[in-house]
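Enquirer: What follows is the residue order along each chain.
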Amino acid sequence: MRGVRKAFGGTIALDGVDLAVRGGEVCALVGQNGAGKSTLMSVLAGATLPDAGSMTLNGAPYAPRDPREARNAGVAMIYQELSLAPHMSVMDNIALGLEPSRQGVLGSVGLLQRDAMRRTARSALSQLGHSDIPVDVPVGELSPAAQQLVEIARALACGCRVLVLDEPTSSLAHGDVRKLFELIGRLKQQGHAIVYISHFIEEVTEVSDRFVVLRDGRNAGEGVTTETSADRIVSLMVGRTLDDLYPRGRRAIGEPLLRLEELSPGRLDPASFTLHRGEILGIAGLLGAGRTRLLRGLFALDPVKSGSVKLGVHRGPSAPAEWWQHGMGMLSEDRTGEGLATNLNIADNLTMTRLEGPARGFFVSPSQQRHSATQWIERLEIRSTGPAQVVARLSGGNQQKVALARLLHHDVDVLVLDEPTRGIDVASKAQIYKLIDELVRNPGAGRPARAVLVVSSYFPELLALCDRIAVMSRGHLSEPRPASEWTEHALVMEASGTGLPHRSEGRP
Amino acid sequence: MRRFQDAGVLAGLAIVAILFGLLIGPQFFSAANLELMARQTAIVCVAALGMTMVIVAGGIDLSVGSVIALSTVVTAQLLRADSWPLVAAAGAIGAGAACGLMNGVLITGLRVVPFIITLGTMLLVRGAAKGLADERRLEAPLTWLNSMLRTVRDGSGVLLPWGIWVVILLAVLVAITLQFTRFGRHLFAIGSNERTARLCGVRVERRKIAVYTIAGAFAGLAGVMEFSRLSVGDPTVAIGAELGVIAAVIIGGGSLSGGKGTVVGTIAGAGIMTLIQIGCSQHGLPNWVQEIVTGTIIVFAVALDHFRSRVSR
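Protein chains in written order, with my numbering: chain A, 1 to 508; chain B, 1001 to 1313.
In case anyone wonders, no lab produced these hints; they're calculated from the structure.
Just so it is clear, CB atoms sit at the ideal spot from N, CA and C, and this is done for glycine as well.
Check each hint, because a few of them may be wrong.
As the list claims (entries may be wrong) - Quick look at which bits of chain B chain A covers, simulated, 3 or more residues with Cβ under 8 Å:
(1) 1114 to 1122
(2) 1187 to 1199
To be verified - Chain B residues, not near chain A, derived (Cβ > 10 Å throughout):
(3) 1028
(4) 1087
(5) 1109
(6) 1202
(7) 1259
(8) 1264
Claimed, not checked - Simulated restraints, written as ranges between beta carbons of each label pair:
(9) A:63 - B:1281: 36 to 44 Å
(10) A:306 - B:1123: 42 to 50 Å
(11) A:141 - B:1300: 50 to 58 Å
(12) A:141 - B:1116: 23 to 31 Å
(13) B:1015 - A:52: 46 to 54 Å
(14) B:1113 - A:306: 48 to 56 Å
(15) B:1176 - A:374: 48 to 56 Å
(16) B:1015 - A:191: 32 to 40 Å
(17) A:67 - B:1151: 35 to 43 Å
(18) B:1109 - A:448: 51 to 59 Å
(19) A:306 - B:1256: 40 to 48 Å
(20) A:116 - B:1256: 35 to 43 Å
(21) A:115 - B:1304: 52 to 60 Å
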């Protein structure tokens, strides 16, 4: 790809970007959200037509007009959100769009050749070294990791030689990430060219041979991964050094605010802890360990079997409305599915829990909504055209800031944050860390310090941010311990259930 | 964005009006003809106001036609029992609200999609109306209720029949509710993303029950207006009326996936359909042409809306 340019309206998304990938090579494409990675890849995959620039594939000019042409030419994109039909079988999904029909009359009426489809699916899966995935079960019944394999198998089945993986690990647990990397290595050896897009620098350094950095729609640097330090890559992305990614001021732990007493949502073991004013308590855990279920039970989004939650004098299980009223707010891990109403604008999303207006809030004043939203847009540096912009059009990082701003606007005492920085760019991450740190130290305007409960599967951020950390593993929450007593290694061990011996005593 | 969307429907309304104006001549816009159109639109409009709120909240109500029929029967029965006309009207609106309440409670209680629930209640209410009327048309004594939509030339109402003023008042109230009250903003939130609304402390179930109840009351009022025109209680009236009502909301920019819809759009949508009906019949075009034109407009209005939101994205 040479000199690719693309502008959407007034904003220039790509300004003369070059990218080259050889067969048998993994090239990491890194950059913050809004740097132009997605646009560049959708040009490559034929979903977006470039304004200028040229592409060649195996030396021949390549200019796909739609994704089907790109796929036929051998370029496939594996998107962040998997694009499989959950009710159809693995085999049907892999063969989707290239179903071999029967010859003659039967073929012309579209009768399918199931045996051939089965063979195609089996061979594609075995090429990935995963012939263990059954081809007849509906895709929706497979784990996210297996679904991703099916998606990759589908790309291989159409004979694709160039694979673009967009944030492939965002929905995977730790062990599955390992397997994916092995798979990428195998694909590389088979001579495929792979473009790997990720926010995780650790992954990039591990899996890629070369890297290309985009910043503000331009090439910001590239190099051989093994010869470059992670710090260097990050500073190329950000355009500055990263000393202040995790700021940490002096904190003063105050009185207890939130108390969980043997709370047991769903099939989780009873969990207890106390969160104090001026404290950040982290819950570390892998995907599926039950962290999210615990938070949802705590916030009364899901039913609770037994136990109680105490916030000041208020005692739950309660309803989300009451928790907001008593000064506790929650940030969902599922930003677009639950956290935000993406068809509504920034002002509506931001003020949803606290609509202000005359007659004690019976009426809502849109101008007041806009006014509040504008203030938060400025304070959190949310990149947008203004409070009336629809949330769906914002980048992931800016969406997350809107979701977080809702808690700030509501002025809650206790912030419950589920994966606050998942899938967002480094600059937004740094800002969110800074904000959380400020909240527990000095939220300004003479307000007392807040308390934050944060769940994450990205352990370095917990270690840097939290005062105490508890680990959730297979539905069991450990006793919280000071963050200084933990290392990343210990957290991984504990979270994957191979932890310290005292762990087993906690389970009945 | 919202205003822009209404501009599209209003432009559509203007185009259709001008087109028929050219075909038929200036008498198409005579005061008498405009009043006729308003009187014809009124009933659909009232039901569509309620439907707009339901659709904004991501729901749908297929039982509207049956509720209208039930309401005419209730009005007639009460008048036959020598009730005051106001009590008869209130009773009919109350019956509509009760049907709406039933819809809301079933939808939130059983967690079945509104399409199915209201498909069921559509039959159920229709059956109840027929039972209550003993499967006959019920004659009822003439009262001032019957002047609701009678033309002003007969001396009822100022400038417009008084029933039309009621519709205008309700339209203003619903528009204010949707845009400027907490309840209205919550409906948009629920329709746009129910999970977000729940996370944000919106009491989703209560809001839904409320919105279906209100929509039922509006359908009940539409039934009273229908009665005022027919002056009989007829359990077989307004079969399929829900489709016209839904079409008005959709042409007006409402989205069946929720989170979108305005009062101005809905009224313009209902207006477009009435214009076509009256225009076609006055131009001497047969009924089937009207239906083809209306159908085409529904399809293109929605397609245009999708196209526009894709382009602007």
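Enquirer: Should the hint that residue 141 of chain A and residue 1300 of chain B are 50 to 58 Å apart at their CB atoms be regarded as holding?
Expert: 41 Å, violated
Enquirer: Regarding residue 67 of chain A and residue 1151 of chain B, is the given constraint of 35 to 43 Å on their beta-carbon distance met?
Expert: Once the Cβ atoms are compared, 60 Å apart, the range 35 to 43 Å for residue 1151 of chain B and residue 67 of chain A is violated.
Enquirer: Starting from the range 40 to 48 Å, see whether the pair residue 306 of chain A and residue 1256 of chain B falls in it by beta-carbon distance.
Expert: 41 Å, holds
Enquirer: Take a look at whether the Cβ-Cβ distance between residue 1015 of chain B and residue 52 of chain A falls inside 46 to 54 Å.
Expert: Taking Cβ atoms as reference, residue 1015 of chain B and residue 52 of chain A lie about 39 Å apart, which means the hint is violated.
Enquirer: In this structure, is the beta-carbon distance linking residue 116 of chain A and residue 1256 of chain B contained in 35 to 43 Å?
Expert: Holds - the Cβ-Cβ distance for residue 116 of chain A and residue 1256 of chain B, about 39 Å, lies within 35 to 43 Å.
Enquirer: Evaluate the given range 52 to 60 Å for the C-beta pair formed by residue 115 of chain A and residue 1304 of chain B.
Expert: Given a distance of about 46 Å, which is not inside 52 to 60 Å, the answer is violated.
Enquirer: 32 to 40 Å was suggested as the range; check whether the CB atoms of residue 1015 of chain B and residue 191 of chain A agree with it.
Expert: Cβ of residue 1015 of chain B to Cβ of residue 191 of chain A: about 59 Å, so the range 32 to 40 Å is violated.
Enquirer: Can you let me know if the beta-carbon spacing of residue 1113 of chain B and residue 306 of chain A is within 48 to 56 Å?
Expert: 32 Å, violated
Enquirer: Far enough from chain A: is every CB of that chain over 10 Å from the CB of residue 1202 of chain B?
Expert: At about 7 Å from chain A, residue 1202 of chain B fails to clear the 10 Å cut-off, so the statement is violated.
Enquirer: A range of 23 to 31 Å was offered for this pair. Does it hold for the Cβ distance of residue 141 of chain A and residue 1116 of chain B?
Expert: 26 Å, holds
Enquirer: Verify that the Cβ of residue 1264 of chain B lies farther than 10 Å from every Cβ atom of chain A, and report whether the claim holds or is violated.
Expert: Non-interface label stands for residue 1264 of chain B: nearest chain A Cβ at 16 Å, farther than 10 Å.
Enquirer: Given as covered by chain A, does the stretch 1187 to 1199 of chain B meet the bar of three residues or more with CB within less than 8 Å?
Expert: Check passed, 9 qualifying residues.
The structure does not agree with the numbered hints 1, 6, 7, 9, 11, 13, 14, 15, 16, 17, 18 and 21 stated previously, though it agrees with the rest.
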